[in-house]
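J.: The lines below spell out each chain.
2 protein chains.
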Amino acid sequence: MTQPMFDRIALIGIGLIGSSLARVIVREKLAGEVVISTRREETLEEARSLELGDRYELDAAEAVKDADLVIVSVPVGASGAVARQIAPALKKGAIVTDVGSTKRSVIAQMAPELPDHVHFIAGHPIAGTEKSGPSAGFASLFEDRWCILIPTKDETGSPAMEALTAFWEACGSRVEVMEAGHHDQVLALVSHVPHLIAYNIVGTADELESVTEREVIKYSASGFRDFTRLASSDPTMWRDVCLHNRDAILEMLSRFSEDLTALRKAVRRGDGEALFDLFTRTRAIRSGIIEAGQDVDVADFGRSVVRGKSENAKS
Amino acid sequence: MTQPMFDRIALIGIGLIGSSLARVIVREKLAGEVVISTRREETLEEARSLELGDRYELDAAEAVKDADLVIVSVPVGASGAVARQIAPALKKGAIVTDVGSTKRSVIAQMAPELPDHVHFIAGHPIAGTEKSGPSAGFASLFEDRWCILIPTKDETGSPAMEALTAFWEACGSRVEVMEAGHHDQVLALVSHVPHLIAYNIVGTADELESVTEREVIKYSASGFRDFTRLASSDPTMWRDVCLHNRDAILEMLSRFSEDLTALRKAVRRGDGEALFDLFTRTRAIRSGIIEAGQDVDVADFGRSVVRGKSENAKS
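Protein chains in written order, with the working numbering: chain V, 3 to 317; chain R, 3 to 317.
Hints are supplied without guarantee of correctness; some may be wrong.
Here are the simulated BS3-like pairs of lysine-lysine, each with C-alpha atoms no more than 30 Å apart in a straight line [what the hints assert, rightly or not]:
id	chain 1	residue 1	chain 2	residue 2
1	V	133	R	133
2	V	155	V	94
3	V	133	R	267
These are calculated hints, taken from the structure and not from any lab test.
Make the full structure from the sequences, and use the hints.
T.: What follows is the structure, encoded as structure tokens:
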């Protein structure tokens with residue numbers, strides 16, 4: 003029998019990401035024991051009934067005792083409080099990481115709370131769906147996705163860094179090391195602003211008098227529905243992201259708005275050439291995304307395949 | 003043997019919509035003969051090699067001769083020219099319709115060109131994908147989608163209106179009658195502005211210096227990739243939509259921008275309550291869309307199912 007990667011892994015928070023981790027840890031036999039902790043009793047019971055771990059603790063400090071790897075998967079606004087709570091109970095030499103979507107804030111919240119005798123390496127798996135809660139997770143969530151790691155001390159090449167990298171690779175991910183500030187800029191562009199824009203357009207539709215909600219729903223297949231997926235993501239998580247990556251988000255939003263002003267001008271002036279140019283230029287990025295295996299290469303994200311009604315042109 | 007709905011259907015334009023119509027017409031046996039016409043010889047040859055019709059004509063006037071139903075599926079900017087071209091050849095009593103995404107402009111372009119002895123009923127099937135061309139079509143594209151019809155004379159309850167309604171129902175759609183101006187407002191909100199916003203954010207990403215295109219591609223699964231689908235749609239079609247539904251698009255873009263300004267202010271002020279409120283309010287529309295059968299009820303639009311790697315939480 004091969005030795006598991008870690009004797010004990012503690013998962014603090016058991017939402018979409020935590021519960022997906024629980025599942026892949028079991029599938030890949032990455033831990034001798036998985037201890038799950040979450041603040042709400044109801045959620046902990048849900049995790050228990052899904053048999054996601056070996057032990058269940060309401061008290062996070064209790065859960066991290068003797069754990070070799072502690073993964074904090076909570077809304078980023080709660081990172082500091084969790085760090086404070088678990089700090090006294092952490093085993094010497096333990097690896098502490100997180101999965102939060104903003105990194106400067108999480109590091110600023112957690113690093114001062116954690117004892118020197120642990121390895122704190124911030125992390126962010128670039129994977130997710132619009133669903134939340136323990137039942138939303140699945141073991142393949144991290145496959146072919148990137149996980150960004152941000153060592154908070156000089157951990158380059160350290161055994162802790164190597165172990166955490168091996169862990170994410172065993173989950174199916176590829177690992178990239180990045181500086182926290184750059185992470186926050188990149189994610190503001192590829193994730194935070196797209197979510198805000200999606201929330202915004204759905205909010206606009208919700209408030210409009212000239213078009214009814216019933217009409218929006220009926221005719222949503224013409225484009226609008228694509229935005230409603232992101233706009234149905236977990237409100238607590240996204241509120242926290244906005245509060246904790248404010249500067250980068252505002253910078254990207256301001257770039258987006260400038261570009262939108264130019265686009266409005268092109269529409270107002272009837273500048274077909276400028277419009278055609280933009281609409282052509284944007285196609286390359288999608289090809290790149292598909293080539294990189296970051297999206298499926300089927301029409302409509304494969305919805306018609308899922309509906310079981312696909313009749314491919316070539317069939 | 004049952005009589006087909008129409009003896010002869012002429013399809014002018016054989017892109018995504020035209021070629022999907024060709025396929026469903028054959029599948030449902032809706033026509034004795036399908037005649038296909040398109041301006042570019044190469045495209046016509048592609049249609050021929052896909053065996054989409056019974057006859058192929060480069061000359062649209064030739065194609066509509068003796069046709070009982072003529073469906074114009076071209077970029078909306080070309081509607082007037084097509085109407086002018088086919089007008090002299092149209093059979094008395096023929097139904098002429100289109101599938102364009104803007105209706106006031108199409109009617110203004112086509113109606114004056116068409117003879118009084120035909121029934122011109124403008125139409126818009128609310129269905130599509132980001133792909134284009136004859137090979138992109140599939141017979142089930144219109145299933146469970148809405149088709150909006152806009153009679154240009156008083157066709158309420160007329161045999162032509164009934165026949166066209168029956169045709170779209172046979173294609174799997176539900177039919178709604180609407181006034182052209184209202185159509186253009188609704189579609190500006192649910193389709194045109196979403197496409198423009200998607201093109202815009204992808205354009206912003208493309209031009210940014212602080213984040214590389216390689217990074218955008220790698221981390222796109224965190225939200226961005228959802229926008230790239232719409233932003234890879236046909237540039238000619240979307241240029242024409244912008245040029246031909248300008249007023250409604252500018253109005254909706256202005257509402258969107260106002261709301262975005264308020265959202266930016268909430269982020270800047272760290273107004274967690276306002277953010278949480280918006281992020282909660284927007285969830286209802288997605289539930290409505292799923293209940294109405296206008297999107298699939300699986301995480302991530304079912305991408306992981308398509309990738310064949312889904313491990314549902316309940317399994």
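J.: For every hint, state whether the structure bears it out.
T.: Here is what the structure says about each hint:
1. Using a Cα cut-off of 30 Å, the hinted pair residue 133 (chain V) and residue 133 (chain R) holds, with the two alpha carbons roughly 28 Å apart.
2. At most 30 Å may separate the alpha-carbon atoms for a hinted pair to count; residue 155 (chain V) and residue 94 (chain V) meet this at roughly 16 Å.
3. About 27 Å separates the Cα atoms of residue 133 (chain V) and residue 267 (chain R), which keeps this hinted pair within 30 Å; it holds.
In summary, the structure agrees with every hint in the numbered list given earlier.
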